[in-house]
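Trainee: Turn these sequences into a full structure, and let the hints guide you.
Chains L and S, in that order, give the protein sequences. Numbered by the numbering used here, the letters in the first sequence go through residues 1 to 236 in order. Numbered by the numbering used here, the letters in the second sequence go through residues 1 to 481 in order.
Derived from the structure by calculation, the hints contain no laboratory data. Keep in mind that a hint or two might mislead.
Straight-line C-alpha distance at most 35 Å; calculated DSBU-like pairs for lysine-lysine [said to hold, decoys possible]: (1) K236(L) - K38(S); (2) K6(L) - K394(S); (3) K53(L) - K92(S); (4) K131(L) - K174(S); (5) K26(S) - K33(L); (6) K386(S) - K33(L); (7) K53(L) - K268(S); (8) K105(S) - K131(L); (9) K199(L) - K268(S); (10) K5(L) - K92(S); (11) K235(S) - K5(L); (12) K6(L) - K386(S).
This one's a predicted model, so the numbers in the text were calculated from it and none came from an experiment.
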Amino acid sequence: MDQAKKQAFLGRLSRALGRDSIPTSVTPFDFSKGPQETMYSDLSHEQVVQMFKTEAERLGTKLIEVDASQVGQALVDEIVARGGGSVVYPKSAEVETYGLEAAFQQLGEDQATFYQWDATKGREANINVAKDSNIGITFPILGIAETATVIQPSTEESGRSLGLLPLTHISVLREDTIHPRMTQTMAELAKIYRNDPAKFPTNVVHISGPSNTADIELVRVVGVHGPINVTFILVK
Amino acid sequence: MSNILYDTRPFKTRVNDVLANDFKVKAIQTAQDVFYEKRKAVVDQVAEWEEFRQESADLRDHVLANLDYYLNQFAENAEKAGAHVHFAADDKEATAICMEVLRAKEAKMVVKSKTMVSEEIGLNHELIEAGIEVNETDLAEFILQTADFDPPSHIVVPALHFERNRIRDTFAKKLGYEGTENPEEMTRFVRRYIRDRFLRADVGFTGCNFGVAETGTITIVSNEGNGRMASSMPKTQIALMGMERLVPDFASLDVMMEMLIRSSVGAKISNYFSMITGPAREGEADGPEELHIVIIDNRRSGILGGDFEEMLRCIRCGACMNICPVYRHITGHGYGSIYPGPMGAVLTPLLVGYEEAGDLPYASTLCGECWEHCPVKIPLHELLLKHRQVIADKLQMRPALERSIFHTVAGVFANSFLFDMGTKMGAIGMKLMSNNGHMADWTKVLPVVGGWVKAKDMGLLKMSKFRDEYAKHVAQKGKEK
Numbered sequence: 001m002d003q004a005k006k007q008a009f010l011g012r013l014s015r016a017l018g019r020d021s022i023p024t025s026v027t028p029f030d031f032s033k034g035p036q037e038t039m040y041s042d043l044s045h046e047q048v049v050q051m052f053k054t055e056a057e058r059l060g061t062k063l064i065e066v067d068a069s070q071v072g073q074a075l076v077d078e079i080v081a082r083g084g085g086s087v088v089y090p091k092s093a094e095v096e097t098y099g100l101e102a103a104f105q106q107l108g109e110d111q112a113t114f115y116q117w118d119a120t121k122g123r124e125a126n127i128n129v130a131k132d133s134n135i136g137i138t139f140p141i142l143g144i145a146e147t148a149t150v151i152q153p154s155t156e157e158s159g160r161s162l163g164l165l166p167l168t169h170i171s172v173l174r175e176d177t178i179h180p181r182m183t184q185t186m187a188e189l190a191k192i193y194r195n196d197p198a199k200f201p202t203n204v205v206h207i208s209g210p211s212n213t214a215d216i217e218l219v220r221v222v223g224v225h226g227p228i229n230v231t232f233i234l235v236k
Numbered sequence: 001m002s003n004i005l006y007d008t009r010p011f012k013t014r015v016n017d018v019l020a021n022d023f024k025v026k027a028i029q030t031a032q033d034v035f036y037e038k039r040k041a042v043v044d045q046v047a048e049w050e051e052f053r054q055e056s057a058d059l060r061d062h063v064l065a066n067l068d069y070y071l072n073q074f075a076e077n078a079e080k081a082g083a084h085v086h087f088a089a090d091d092k093e094a095t096a097i098c099m100e101v102l103r104a105k106e107a108k109m110v111v112k113s114k115t116m117v118s119e120e121i122g123l124n125h126e127l128i129e130a131g132i133e134v135n136e137t138d139l140a141e142f143i144l145q146t147a148d149f150d151p152p153s154h155i156v157v158p159a160l161h162f163e164r165n166r167i168r169d170t171f172a173k174k175l176g177y178e179g180t181e182n183p184e185e186m187t188r189f190v191r192r193y194i195r196d197r198f199l200r201a202d203v204g205f206t207g208c209n210f211g212v213a214e215t216g217t218i219t220i221v222s223n224e225g226n227g228r229m230a231s232s233m234p235k236t237q238i239a240l241m242g243m244e245r246l247v248p249d250f251a252s253l254d255v256m257m258e259m260l261i262r263s264s265v266g267a268k269i270s271n272y273f274s275m276i277t278g279p280a281r282e283g284e285a286d287g288p289e290e291l292h293i294v295i296i297d298n299r300r301s302g303i304l305g306g307d308f309e310e311m312l313r314c315i316r317c318g319a320c321m322n323i324c325p326v327y328r329h330i331t332g333h334g335y336g337s338i339y340p341g342p343m344g345a346v347l348t349p350l351l352v353g354y355e356e357a358g359d360l361p362y363a364s365t366l367c368g369e370c371w372e373h374c375p376v377k378i379p380l381h382e383l384l385l386k387h388r389q390v391i392a393d394k395l396q397m398r399p400a401l402e403r404s405i406f407h408t409v410a411g412v413f414a415n416s417f418l419f420d421m422g423t424k425m426g427a428i429g430m431k432l433m434s435n436n437g438h439m440a441d442w443t444k445v446l447p448v449v450g451g452w453v454k455a456k457d458m459g460l461l462k463m464s465k466f467r468d469e470y471a472k473h474v475a476q477k478g479k480e481k
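Mentor: As structure tokens, this is what we get:
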């Protein structure tokens, strides 16, 4: 950062605001006057999860609800339903927790081939697999009921490409991470940041369905640069 | 000429050009109707909408009142996260910073997701001059680029004035497209065409919807996924950000997103909302290895702390143009600015000066619908009026004839005898120019009068006015007593 340029730039702003220098502190904005913190506060968690499901249905996002013990089977079924082919999945702890590798073995090579994201193999190797994959699997950390949104951080174990480059993106989300609004999920993200800024994920993406556009005569077309199909698997 | 204006012909010439293009005008009218219904449906669901509007306006004002503090905090935290932060006073500095990064990276090809600021600084022109291949990746902007950078007609959906056949023909001619005019087929074609470029590009340019001061995070809203691609695939990312686009913290993003998406496209949320905090860390296998954030003033600091400061609340949703009766008829191209509609009519003169854009504040009926639909409560109609006051009173830029007419009118309106006589003479005059109770056709060619009677049936002033009738009524009552 060019300090002289920065000082000149910020100095112009201070002067426009009628002061000589940048204030050392600012009274934080008071969010308590806004409506967002109390909205949906009377809903039970079951009702919040139901709101997520209703919204996903309204948006046309495919939703499958299973117990933790059925995640492997549900994924296998969904991989087949989405046409199989090459599947890329992350190196995250959930793979073991849900026993996914054993489940994937049910499928023969003619049905599906699997690649586990491996950052140690470098950029090109991983992106090259992901770009030609039919299906990418990820494990988002939070969900928003009001908009049927999943929140996906990128990490060494699970890169940006997994939920972006393949034609179909399957997200596996735990129901106990679903909150009513972005109000609560932003608070959770702020907690993660404040806990250790140096470890905060460099990319956190909110995903609310398949990519789409209405740029040609306002006709809605699903599938532009991101995935064309999206499935959410909710884990009870 | 400023990069902000793409058409500097006289206002009336621009408008007449637009009015002659039926498809363009109808496309904008349909878009207004569609966006109106969609926005209304999602806003009606939020009982707390007005509270949210007030909170958003307050939040934006809070940021503006402390902009030096928050911008400093943002820059420091973005650097801590590993980003390179640059400050650019104007368009030239901003493009110079970008070109320097590109040179250092020996970049030959770039991809761009939507960024209004890049239009503002004329980045594409510089890139092409330097022999760098530019790829706009937003579908609408890709269409405009393929059509030799045809100017945008809307801020959110800029290629609305292209009908599908014309898009097909353009793609066929320029890109060898062989498919039909089906929007889905053409979109798939563009997906394949651009996908390859996303993967090969040296640098990805993005905009920034909101920068977060507490964390140094930049955020990108997109539906097509091009914002995600441009910030994930190339090894270098350059994010361009207008200096006022800040919020204090993550909690603010909740409030701003509540307003932005509902107001812009009439949905509860965009398909994608990315929060990017620094470049990819060592050990990550994708994402930018280098992230540059270019913070741009370009005459915004002249707005801060002044009579037009409320304009800096703007979050570029386009709700004001989706409701504006003037925009409905003259479309984005009537304004000749990359910022059209009511927000553009207020902002453009502030960014380029009255000399070049002094006609824009007059492209309004001052009805106030724009303000009512604005998610951050910018009193656009009042700011437009304020512009007119500056132009007429302070700068004396209006024609001498107009000044003397208004001077005379003010004298007449202030004197009841002259007013009475004036309206009587008006009634007599209109009667002389009438035909069967309407203004005669030949009056359309008269100066001043023609401007009024060409577009509507004016009716005629009555010889006996309300005041005469009322006086008669009072006299009658008196007699009855």
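Trainee: Hint by hint, note whether the structure agrees.
Mentor: Evaluated hints:
1. K236(L) - K38(S): Roughly 34 Å separates the two Cα atoms, so the pair holds.
2. K6(L) - K394(S): Holds. K6(L) to K394(S) sits at ~34 Å (cutoff 35 Å).
3. K53(L) - K92(S): 50 Å, violated
4. K131(L) - K174(S): 26 Å, holds
5. K26(S) - K33(L): 43 Å, violated
6. K386(S) - K33(L): Holds. K386(S) to K33(L) sits at ~31 Å (cutoff 35 Å).
7. K53(L) - K268(S): 15 Å, holds
8. K105(S) - K131(L): 24 Å, holds
9. K199(L) - K268(S): 30 Å, holds
10. K5(L) - K92(S): Satisfied, since the Cα-Cα distance of roughly 14 Å is no more than 35 Å.
11. K235(S) - K5(L): Given pair K235(S), K5(L) holds - Cα atoms ~26 Å apart, limit 35 Å.
12. K6(L) - K386(S): Holds: K6(L) and K386(S) sit about 32 Å apart, inside 35 Å.
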